[in-house]
Amino acid sequence: MPSPGLLALALLDGTTSGLLLALTVVGFSFSFGILRIVNVAHGEFFMLGAVLAWAVVTATGSFPLALVLAPAAVMALAVAVDRLVLRPLRYAAQPTVVATLGVLYVLQQLTLLLYGPEARGVAAPFGATVEFPWFGYSGYKLAVAGLSAALLAGLGVLLRRTDLGLMMRATRQDPEMAVALGVPVERVYTTAFALGAGMAAVAGVLVVPVQQAHYLMGLDVLLLSFVVVILGGLGSLGGTVAASLLVGWMDSLVSLFFTPTLARVFTILVVALVLVVRRGGPWAERAE
Amino acid sequence: MGRASGMRSGKHRVWGLHLGVLGGLGVLQFVLPPYHLGVVTRILLFSTYALAYNLLLGYTGLLSLGHALYFAAGMYGAGLPVYYLGLEAPQAFPVGVLGSAVMAALVGIPALRTTGLRFSIVTLLFGQTGYLLTLYFNRITWADQGLSLPLQVPPVLRYHLALLLFGVSLLGSLWIVRSPFGRVLVGLREHEERTHLLGYDPFLYRWVAHVLSGALCGAAGAAYALLFAYVGNAFASVLYSVYPLLWVLVGGAGTALGPLLGVALVTYAVEVASGLTHAYLVVVGAALICLIRVFPQGILGSLRKRGGRWLP
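In order, the protein sequence lines correspond to chains A and B. Mapping to our numbering: the first sequence position 248 is 248, numbers consecutive. Mapping to our numbering: the second sequence position 1 is 1001, numbers consecutive.
Keep in mind the hints are simulated off the structure, nothing from the lab. Note that the structure is predicted; figures quoted are calculated from it, not measured. Each hint should be verified, as a subset may be incorrect.
[Said to hold, decoys possible] Computed spacing ranges between beta-carbons, pair by pair:
id, chain 1, residue 1, chain 2, residue 2, range
1, B, P1033, A, S62, 54 to 62 Å
2, A, Q173, B, P1110, 25 to 33 Å
3, B, L1239, A, A149, 29 to 37 Å
4, B, L1197, A, V277, 22 to 30 Å
5, B, V1102, A, L158, 49 to 57 Å
6, A, A149, B, G1038, 48 to 56 Å
7, A, L269, B, N1138, 15 to 23 Å
[Stated by the list, open to error] Stretch by stretch, here's where chain A covers chain B in the computed footprint (C-beta under 8 Å, at least three residues):
id, stretch
8, 1109-1115
9, 1130-1138
Note that CB positions come from ideal geometry on N, CA and C, so glycine has one too.
Construct the complete structure from the given sequences, taking the supplied hints into account.
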């Protein structure tokens, strides 16, 4: 049995990675719930955030600048993808799977051409350690957790308290009705898509000092995105956060007892069983 | 009367088209240089895999993201006995098929309690579990290094066997989807409640379709292992669950020849592009985006909509 200190460390680490995961996948959940498409290329926005962060930090030496520039560039890219790929397909479910798979290949391989196959990291902007009774914890990781939580909370306020949020929620519930009531649905789609891509890019920037930037890192995110979105519910912010935290905790707690591979098998099977047992729900009938 | 004869001539056209395609593939072996013979052999095996996938996606309306599990089950089911027990290839093939059928039967029981997107995710998770298990048991499977089997199949025989497997699968799946059983599957795809009300148990029909699809995937995987004398866990990865989806969507879901067309196009796109640049997937990605903008229902699906209604 692991000591209480180790358990607390695992919980804290799980919380940090869970919040970061929520920030990464909330855009996937938005495209799923609001645009009703499976954006296979979502992980690439995360990857681009990380790679661009490396580029900006290497060029200018400023991490805060990377935190602004990289997400902005990724959001511009997301708008272009929406205009050039998704909108001409009228957001139809199956064609967009193929098309976003094409986007995935293009982005991933262009990164390989321009950035190369190496994994590269940057130094954390500050290296303080925060002392807890049983262990010290990286101050940077705590800041990551805090910033992720703040951004997610901001997103929650946007959804609940602003006109844009109201339109997004209306579109999610019933796009035809929303059009009938004068909601500019296409503009809502573009905004939601770009906003989600930007969030993923922020997560990508934040992760570079902890885990290096690599052109394939978007693929790992994809699998987790599916898990989180289905557990948490389509386009639901609260559900996404709860499911991400669950995945984060499970992953770090189970790794205390098993080897990493077996831990993953265990997590995945538990999630699969939850999905099978908890049938119905608001999205079962909306599928396809 | 006009309609009946129209249907009959449609039926002739359908069988004529398919036998013609198979005949054309048979002639190809005399025309193709050895390298391309190998490529087309691979295309035929992957087309069998895609046919199996299409049975579920195109006709039953279930989008699985875990079919690499069954392809790999066939592959390991046939390959491991050959490697460790010294089984002969003709006996190993049915072992692989049986292995994947059992796997599909077991996974189907929990997974088919869900439909739609949840089914996709649950199968994705099962597929990923299978992949991780091949890593976990890497002392037996040699994971990504793979195993080279002590088999040697001459290229022309390899082509014949692959064509035989594909031909039987194509005609067999055509026969299945045109049978009353296949009609029930299409009914489930189009309108589950109505089909249920007519007295057909959705779970049972889907389960049988799932097992058939899994077994056929396993046949493709087992044939791949035995003909190319290689077993590796790359074929269990999520990429090989996404490929059949891609192939079928490009060629046209719910069309009989779509899988073959999709595999052939994607394979040759990769062949051509990899000659141009080492980051060839950029070209493939861009080609996919353009293709799907022109043919949103896949090539044959869109052609059928534009006037070839008789296409199966």
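Outcome of the hint check:
no. : hint                         : result
1   : B/P1033 / A/S62: 54 to 62 Å  : holds, 57 Å
2   : A/Q173 / B/P1110: 25 to 33 Å : holds, 31 Å
3   : B/L1239 / A/A149: 29 to 37 Å : holds, 34 Å
4   : B/L1197 / A/V277: 22 to 30 Å : holds, 26 Å
5   : B/V1102 / A/L158: 49 to 57 Å : holds, 50 Å
6   : A/A149 / B/G1038: 48 to 56 Å : holds, 55 Å
7   : A/L269 / B/N1138: 15 to 23 Å : holds, 19 Å
8   : 1109-1115                    : holds (count 5)
9   : 1130-1138                    : holds (count 4)
Every hint from the earlier list agrees with this structure, and none is contradicted.
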